[in-house]
Amino acid sequence: MLQDEATLTAAVEKALRALQLAQEPSKVRCKDEDDVSMSSDSLGEQLFELVDVYNTGHSQKITGMLLEQRKEAVINLLSDPKQLEEQVNFALKTLKEQNLEETDISDSSDTDDTERLGEKIFSLVEELDPRHANDITGMLLEMDPTALQQLLSDHTMLEGAVQKAQAALDT
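Letter by letter, the sequence shown follows residues 107 to 277 in the working numbering.
If you are wondering where the hints come from, they were derived from the structure by calculation, not from laboratory data.
Every residue, glycine too, gets a C-beta built ideally from N, C-alpha and C.
Among these hints, one or two may not hold up.
No farther apart than 25 Å at their CA atoms in a straight line, the calculated lysine to aspartate or glutamate pairs in the DMTMM-like style are these [to be verified]: (1) 202 <-> 155; (2) 202 <-> 221; (3) 177 <-> 158; (4) 270 <-> 225; (5) 270 <-> 221; (6) 199 <-> 178; (7) 120 <-> 192; (8) 202 <-> 151; (9) 226 <-> 111; (10) 226 <-> 192; (11) 177 <-> 192; (12) 202 <-> 250; (13) 199 <-> 155.
Now the in silico label distances, taken between C-beta atoms and shown as ranges [as the list claims (entries may be wrong)]: (14) 233 <-> 182: 42 to 52 Å; (15) 276 <-> 232: 16 to 26 Å; (16) 248 <-> 179: 39 to 49 Å; (17) 192 <-> 119: 19 to 29 Å; (18) 219 <-> 120: 15 to 25 Å.
The whole structure should be built from the sequences, with the hints applied where relevant.
Here it is as structure tokens:
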């Protein structure tokens, strides 16, 4: 954030939105019929905004976990930043523990991550070699995910990997 003003601005705007949401008692603290009829979608959207401020990288999962609670408990989270922070930290700890225990590679989130990574890599490879983009992307996706992240951030490394893949295709 310190090196990229746009990232810093986006984070500050996200934090301000979350603070504004927390300070709007009409949306959160009413104990009348509106409160009972408040849709789960609306609660989820408000909660996601607040959870996303923590930049855990797991905002959707954590929001989903928190939404499994009773509606009253979720409403309390929206109006109590300390309690929300405790719940987010607990959910994050739980996710990390689950991640350590998971050995099944067929997890849908891994599949989603791989697909997103594949799409990003494909678009970059397509610029370098449109004719073989599918094959080269498939070859690159065999690499370790951390190595793929490096390819995404270093264009020179990507070009080198594409050239190696092209050479393998030519043989």
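Here is how each hint holds up against the structure:
no. : hint                    : in the structure
1   : 202 <-> 155             : holds (21 Å)
2   : 202 <-> 221             : holds (22 Å)
3   : 177 <-> 158             : holds (20 Å)
4   : 270 <-> 225             : holds (20 Å)
5   : 270 <-> 221             : holds (22 Å)
6   : 199 <-> 178             : holds (23 Å)
7   : 120 <-> 192             : holds (19 Å)
8   : 202 <-> 151             : holds (24 Å)
9   : 226 <-> 111             : holds (24 Å)
10  : 226 <-> 192             : violated (35 Å)
11  : 177 <-> 192             : holds (18 Å)
12  : 202 <-> 250             : holds (20 Å)
13  : 199 <-> 155             : holds (20 Å)
14  : 233 <-> 182: 42 to 52 Å : holds (50 Å)
15  : 276 <-> 232: 16 to 26 Å : holds (19 Å)
16  : 248 <-> 179: 39 to 49 Å : holds (45 Å)
17  : 192 <-> 119: 19 to 29 Å : holds (25 Å)
18  : 219 <-> 120: 15 to 25 Å : holds (22 Å)
The structure fails to meet hint 10 from the earlier list, while all remaining hints are met.
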